[in-house]
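Please dock the two separately framed chains into a single complex, following the hints provided.
First to last, the protein sequences are chains A and B.
Residue 173 in the numbering used here sits at position 39 of the first sequence, with consecutive numbering throughout.
Residue 164 in the numbering used here sits at position 50 of the second sequence, with consecutive numbering throughout.
Check the hints yourself; a few may be wrong.
Claimed, not checked - Cβ pair distances, simulated, as ranges:
| no. | chain 1 | residue 1 | chain 2 | residue 2 | range |
| --- | --- | --- | --- | --- | --- |
| 1 | B | Arg145 | A | Ser148 | 41 to 49 Å |
| 2 | B | Trp139 | A | Thr256 | 54 to 62 Å |
| 3 | B | Val222 | A | Gly319 | 34 to 42 Å |
| 4 | B | Leu176 | A | Trp296 | 43 to 51 Å |
| 5 | B | Val160 | A | Ser148 | 28 to 36 Å |
| 6 | B | Leu176 | A | Thr339 | 56 to 64 Å |
| 7 | B | Ala165 | A | Ser295 | 42 to 50 Å |
Unchecked claim - Some chain A residues flagged as far from chain B (calculated, every beta-carbon gap over 12 Å):
| no. | residue |
| --- | --- |
| 8 | Trp143 |
| 9 | Tyr151 |
| 10 | Leu165 |
| 11 | Tyr170 |
| 12 | Cys185 |
| 13 | Lys259 |
| 14 | Ala355 |
| 15 | Lys361 |
| 16 | Val364 |
| 17 | Ala365 |
For the record, the hints were derived by calculation from the structure and aren't laboratory data.
What you are looking at is a predicted structure, and each value in this text was computed from that prediction instead of being measured.
Think of the CB as a built atom: it goes at the ideal place given N, C-alpha and C, for glycine as much as any other residue.
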Amino acid sequence: MDMLQVSVWRGAASGEYRSYEVPRQESQSVLDVVTYIQRSIDPTLSYRFACRVGMCGACAMTVNGVARWTCRTHVAKVAKNNTLQIGPLANLPVIKDLVTDMREFFDKWARARGQFASGSGTTRKDGFARVAADSPERVAANAGIECIGCGVCYASCDVVSWNPDYLGPAALNRAWTLVNDVRDGARAERLAAVAGDAGCHACHTHLSCSERCPKNIAPTASIAGLKRAVALAAWKGEL
Amino acid sequence: MSGGELNYAANPVTPRRADAKLETWLWIAQRGSAVVLALCVLVHLVTIIYAVRHGLTGAAILGRTRGNTAALAFYFLYVLAIAVHAPIGLRTLCQEWLGWRAASLNWVIGAIALALFAFGLRAG
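Just chain B, with the same shape it has in the complex (with noise of 0.2 Å):
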């Protein structure tokens, strides 16, 4: 068998700084997330278990949260960390089992991040 041999100066290492950089941001920023979605997300079931065994309403809830500063900022850093999270996991599923590894991918995660944030605040 010919080229068998390992020749390192025929197998360049061209490591793709771009590619690398923005691979390892990433992967910090869910990391990060996923720490703070830990935190929001029991403060969230916590709260709900406690309006659903205190009977509240959903006027009354509203009544409480509306006007507070502490709840939306809360639901601000809540929906920031999920807009930031979800996209980066569904790229990571394109990738994996779609084999979708264009540069489009990035602008549809990016559009959908975006989306999320924008419906969560919305919503919050």
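So here's chain A without its partners, still in its complex pose (with noise of 0.2 Å):
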């Protein structure tokens, strides 16, 4: 039988990699590959996951160096020579082996104005709102809705490794969603909160997150719409 020389991370922030045999199957999974190594191999190995067919974003690992859904790659794709390493997320601290701590990466959401703010004066008694499914505005969110948070992007972002302050694609994106969300009403806060060196002005446009993620989002566009967006307002004196 073919068999895979896989190397996982073991430890926390220091660790080792360690090597495992693992038997070849036919449509292997990378989540496949963890799964069998915990429960055939070492019981003590540490990952994430929940829904196994890309819908939650929890599996999220670095395979072969490359930050990946793991229950979405096939090994075939990413395995040369029948080996792979699979380590834990990275610009994200490790609690243990394969698992990170996601508490700063959400929080920037948060930093970022992530949530919605109802207008002023509008209540949930108000009938919906109605935005047309055409208008550019709906255009623009739609490019960047369906985030999940995997964290794909955020630890594939070089600007997010040297300024550990920067919200990161993840965040942004989300904030240049709700931008666009015309029932909204923070807007003068989110441009400001996404303003300035921790923010969209630190990007550098090298567009890693929008080659890896996993949901074919550009947060790199959505970006530069912030950029755009806070640059009017400033002009404007609305900053």
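So this is what it looks like as structure tokens:
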């Protein structure tokens, strides 16, 4: 039987890659490999997953140096000479083995004003807002709305690795969808929150986030949109 | 793990408005000056190539440009664009590569901008 040589990160911030032999199977995903190691070789291995079908975003890891959803990555696509290296996502503190602490990642969504704020004077008693499906704002929001917060873009971003305060592609992409939400009432606050050294202006357009996003979202485009919106607001004295 | 839940109230959003304003205006200034520079560099290079290919000497060039208001206005704009553009880029480099984010950086960068402008005008 064909065997895969798999090295897996064990430990927290300090640790080492440990080697395992896993039987190669047809249509095997990287998540299958990790699960096999935990169930059949070493039950102390920690990793995170939930849906197994690319809906939840929990199983993102670094596979052969690239951040990926392990459930949607076939071994055949990434294993060179039947070898795999599997580590935790970069740019996040490691709790244990393949499990990272995502708190800072999601706190940044809040810091980028990622929560919807109802417009002034509107209540839940009001009728539904009507937003034309082909309006430019709706189209722009649509382009970024499918993010499920897996952290692949954040782990792939060079600017995050240089500046730990940088809000990152996912949080800025979220802010951009809300900037385009015509019902939202916190536009000025949000634009102020995403401007500056830790915000959209720090992006160097390396495009790693857009290249790696498993949902094919282009956070780089969202960040460019934020730069334009913030500049316009500053020009009008609304920042 | 404690404190795992996302509590918006406990995670106050305090946009540093002055900071956001400054950074945004610096960004606008750098993009704006880049547009000016793209044009100026082109004109400058074409002029140099023209002068060299026609064998003009330094004295001959000065003879044509001295007292020429258009040349003065052009190089004033060129130097101004450089003095705006380069220090803002240098500031970003200092922030990202040296981790220098203190207020002192802005003073040093301001001084560099003034020096670039002054020496540039003198040379022009």
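Distal placement of A/Tyr151 relative to chain B, Cβ over 12 Å: About 25 Å separates A/Tyr151 from the closest Cβ of chain B, which puts it past 12 Å; holds.
Beyond 12 Å from each Cβ of chain B, as asserted for A/Lys361: violated (7 Å)
Status of the given 42 to 50 Å range, CB of A/Ser295 versus CB of B/Ala165: Given about 47 Å between the Cβ atoms, the range holds.
Chain B versus A/Ala365 - minimum CB to CB distance exceeding 12 Å, so not interface: violated (5 Å)
CB-CB spacing for A/Trp296 and B/Leu176 relative to the 43 to 51 Å hint: Since B/Leu176 and A/Trp296 have Cβ atoms about 46 Å apart, the given range 43 to 51 Å holds.
Whether the CB-CB distance between B/Leu176 and A/Thr339 falls inside 56 to 64 Å: violated (42 Å)
C-beta pair B/Val222, A/Gly319: status relative to the range 34 to 42 Å that was hinted: At 41 Å between Cβs, range holds.
Check on A/Tyr170 being off the interface with chain B, judged by Cβ distance over 12 Å: holds (27 Å)
Distance restraint hint 54 to 62 Å, applied to the beta-carbon atoms of B/Trp139 and A/Thr256: violated (33 Å)
12 Å cut-off, C-beta based - A/Lys259 kept clear of every residue in chain B: The assertion about A/Lys259 holds, with a minimum of 23 Å to chain B.
Check on A/Ala355 being off the interface with chain B, judged by Cβ distance over 12 Å: Consistent with the label, A/Ala355 stays out of reach of chain B, its closest Cβ about 17 Å off (over 12 Å).
12 Å cut-off, C-beta based - A/Cys185 kept clear of every residue in chain B: holds (20 Å)
In terms of the numbered hints stated before, the structure departs from hints 2, 5, 6, 15, 16, 17, listed from lowest to highest.
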